[in-house]
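Residue numbers (numbering that gives the first Met the number 0), protein chains in the order written: chain A, 0 to 330; chain B, 0 to 388; chain C, 0 to 304.
Do not rely on the hints blindly, as some may be mistaken.
Mimicking DSSO-like on lysine-lysine, the simulated pairs with C-alpha atoms at most 27 Å apart in a straight line are [stated by the list, open to error]: (1) B:Lys330 with A:Lys147; (2) B:Lys57 with B:Lys359; (3) B:Lys288 with A:Lys147.
Pair by pair, the computed Cβ-Cβ distance ranges are [what the hints assert, rightly or not]: (4) A:Val17 with B:Ser291: 44 to 50 Å; (5) A:Tyr176 with C:Ser267: 45 to 51 Å; (6) A:Thr28 with B:Lys330: 50 to 56 Å; (7) A:Tyr24 with B:Pro62: 29 to 35 Å; (8) A:Ala12 with B:Ser291: 23 to 29 Å; (9) C:Val131 with B:Lys280: 50 to 56 Å; (10) A:Ala12 with C:Leu181: 45 to 51 Å; (11) A:Val155 with B:Lys280: 55 to 61 Å.
If you're looking for bench data, these hints aren't it; they were derived computationally from the structure.
Built from N, CA and C at the ideal position, the CB exists for glycine as well.
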Amino acid sequence: MTAPLNLRSIFIAGVLTVLALLPVYAALTGNYFLLTLFTRIVILAMAATSLNLILGYGGMVSFGHAVYLGIGGYVVGILAKEGILSGFVQWPVAVAVSALIALGLGALSLRTRGVYFIMITLAFAQMFYYIAIGLDRYGGDDGLTIYKRSQFGDLVNLSSKTQFYYLCFAFLLGTIYLVWRLVNSRFGMVIRGSRSNDRRMHAIGFPTFRYKLICFVIAGTLCGLAGALLANHTDFISPAVMHWTRSGDLIVMVVLGGMGSLFGPLIGAVALLVLEETLPVLISAVAGLILPSAATQAGEYWQIVLGPLFLLVVLFARGGIDGLLAKVQRG
Amino acid sequence: MRKAMLLAGAFALAAAPAAAQQKTVKIGFISTFSGPTAVIGNDMRNSFELGLDHLGRKLGGLPVEVIYEDDQQKPEVGKQKTDKLIESDKVDFIVGYIWSNVLLASLKSVVDSKTMMVVTNAGPSQIAGELCSPYVFSTSWQNDQTPQAMGLYMNQKGVKSVFLIGPNYAAGKDMLTGVAATFKGKVLGQELTVWPTQLDFSAELSKARAAKPDAIFVFYPGAAGVQFLTQYAQAGLKGQIPLYTAFTIDELSLPRQKDLALGVPGAQQWVNDLPNPTNKKFVADFKTKYKSSPAFYGAQTYDAAALINSAVVAVKGDLSKKDEMRREMEKANFKSVRGNFKYGKNHIPIQNFYLQDVVKDKDGNFALKTVATIVKDSQDQHVGKCQMK
Amino acid sequence: MLYFIEQCLNGVQLGMLLFLLAAGLTLIFGIMDLVNLAHGSLYMLGAYFAATFAALTDSFVAGALLALIATLVVGMAVEVIAMRRLYGRDHLDHVLGTFGLILFFNELVRMIWGPAGMTLSLPMEMLQAVQVLPGVFYPLYRIVIIVATLIVALLLYVLVMRTRIGMLIRAGASNREMVGALGINIKLLYTLVFGLGAALAGFAGLMQAPILTVQIGMGENILILAFVVIIIGGIGSIRGAFVAAIFVGLIDTVGRAFLPDLLRLFLSSNAASSAGPALSSMLIYLLMALVLVFRPEGLFPTAGK
């Protein structure tokens, strides 16, 4: 963020430009599926950015962050099912409910630390996962189809792919801006300080528990909003959104892109989801060179490459992609 | 299987000008091709391919391209793959769907885009009733129909009380309500298990034993059916409380259920030994080509190829005439492997249901065989809720 | 009452399975301080190996023994190739790295054994129920599982409490640096412990295989339950894992058996059938959260931690 012209800034500017111009490309070519794919990426990037606030800056390894995607989504879904279609009601309720639940979960979880924190956040996420399964009226395990997206009158039409994409993109940028402002404020100093040495920050006189709790609630609330967007995007919400592997996916995005880096989660989300789409093609191509008959088959086994890739990132590229860029830049 | 969306390919494809004239019939096919229920997806794919072979790989004179996608048995994945087929591949027809919950999650995209759809297995009550749609057809059944037939059969057998067990998803609930709708005796209890993750039925079996019913009715498709029969035998219930089933014993699970399936009746709208020429050809050619027996999943999907063909022929390859295609499909003007049937106004077949039983031949091979016709021309009970004209 | 006893037996049987998984997990966690999400993959491998070897040798017992050895070897190989490099790292690194390993193993199994899954058939004489108490019939094979696990638990107890290796394991769990300082080959010890954990997971997988299907991803849901068990029991404590496993098994099964009927008093039948199992699964996590909030080190904390 400091030097105006360096490799990292250019890369990030490039990613943002591509994201901003994507609908234009889609309109020119008529390929709207690309836009659908990237809407998803942008929403998940927003969720990952919110996770980064607690995980990357605050050192709180939440293994249940996807729960807020589900909560935001279920608020929209349940209200829509009960006939309340206005987004002016749905979204504020989604935000409020997410914030309240994050407050409750945070107040309990933050009493623990280390691996116990990982496990208690996981436990709470699983509880909500099972609550959703038990909601017989709202589809239970099968999930709930959302027949009408949130209505915002003449303001914005969520059924228009382009408008919806730009709305999500704006929310993503807003989230990134908010996180930037937060971590560079006094509040952010305390959060980052408590990450490296909680006891010292406490000794200096900062009530770190309260600071961390507020941070936890902000992250949960932002993710809940992302959940409301996601439910509108897929027209569907099911307990699967809250499954623990989804929380794992969010962690992967953050670490892959670069923990504690402002644009890291965005890069990570784009990288992971684009990798998921292209890796099969790449593997097919490579396999085709060696054994043409196995080409299409080989592409199905893309996860056998993706899995060890995570391990390699952990072992050799702690800073994720953003860290690598910084390294290259330093030479 | 051609793997999903090629990102690079999508960019390239998009650059090409939209084809001015329809050259091929594009069919998107959604089923489960991974996990323990992949055998079902394969049975459907094999049968569909065989159906296309029998039509000379042409539908109404046009060549066919089929894009297979794996829903992983998950509603949200099925929905994503459906969107991809519609938006990226721009398919003319969308075929398949094993699972009711996957279908319900995907239905909105299909209906909104007015893509022609042939559902070849799933039959949730909603698509027969309030969510019926002009462009959605079924070559299978509505979920209630088969267990209703089983309920009738249990009445015939003089069963006085029953305990119901099934998985907790859209179809499981439909099945249990279905059997309760026609069964005249007492339903002593019903248990729904977590689907598809729960495979240990010990608590449910203990409960059924404690309820002391005349019979147990279950619905467990795919591998879960094997597990259920195994645990039912392990619990010592075989020979104690008779079992009645729907969609639990079929050609795919039978090789693994073997003796455990003997004497366990099931209801079905198609059995491999139905004596019509189309069916004989289908079963014989399937066995030659794939060295195994087709199951009802395959039979229904084989019919889908013929149904689509009838529509494309009727509009002479002009796939933009959706309403004409729809009118033709409503006539069910093709030779079905189950024998001819009619469509109800909700596009669900009105058809016969047969009682099937497991037989063991001298070589120790197991097969399913038609024993009797339980009910003729059965129509689902939700058709009244369908507002379609 | 008889029905209640039968359901309790079901719960104990599930608890036994959970204990087998949790014992390995808690050893690895306690001694190497490693969060191993891939533990469920070893459970899956044990089941696949058993199904394969049993088919090859035409004997359930021979297949099971071979499968145990195979998972032990795979476990040690995984430790040497990958896990070793994760020791001393952040827990987040463990989560991410072993999450990657889950994907790897799932895909590897799909490549080798295909997507359809396998079945491991029991000998016909196992397919029956025996009378354990007057009026209580219980599946013979499930009794076999309970007994076999009790024997394994006893062996594990002897190994940990009465042998030199066990002494090192206990020492490692309470003070890692000290064991290293004593000049013990800590690398070898770690490999052995990981192999032992893998074999226990494999044993759980192969014992459960004849009841459930052998399928890809079979370890993922049960793994989380095993984590719950070790958190409740106290990380590093085998005794704690044993008690907590039975506790969790009972809650899950008894809840599943009785909650729907309880809920039917004020919910529709269908809603109760859906909510019952979900609620009993929730109870387990609620219990864990309560333990974490009020007794963060678990019910049986290991000394010195």
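Now the hints, each set against the structure:
For the proposed pair B:Lys330 and A:Lys147, the alpha carbon gap of about 33 Å is over 27 Å, so the pair is violated. Simply put, B:Lys57 and B:Lys359 have alpha-carbon atoms about 39 Å apart, too far for the 27 Å limit, and the pair is violated. Between B:Lys288 and A:Lys147 the alpha-carbon distance is near 46 Å, which puts this suggested pair outside the 27 Å criterion. Taking the beta carbon of each, A:Val17 and B:Ser291 are about 49 Å apart, inside 44 to 50 Å as hinted.
A:Tyr176 and C:Ser267 have their C-beta atoms about 48 Å apart, which keeps the hinted 45 to 51 Å range intact. Checking the proposed 50 to 56 Å range against A:Thr28 and B:Lys330 shows it is violated: the Cβ atoms sit about 39 Å from each other. Take A:Tyr24 and B:Pro62: their Cβ atoms lie about 31 Å apart, and the range 29 to 35 Å holds. The given range of 23 to 29 Å is broken by A:Ala12 and B:Ser291, whose C-beta atoms sit roughly 57 Å from each other.
A hinted range of 50 to 56 Å holds for the C-beta pair C:Val131 and B:Lys280, which are about 55 Å apart. In this structure the supplied range 45 to 51 Å is violated for A:Ala12 paired with C:Leu181, their Cβ-Cβ distance being about 56 Å. The supplied range of 55 to 61 Å is met by A:Val155 and B:Lys280, whose beta-carbon atoms lie about 56 Å from each other.
Figure legend: structure checked against the earlier numbered hints; hints not met, in rising order: 1, 2, 3, 6, 8 and 10.
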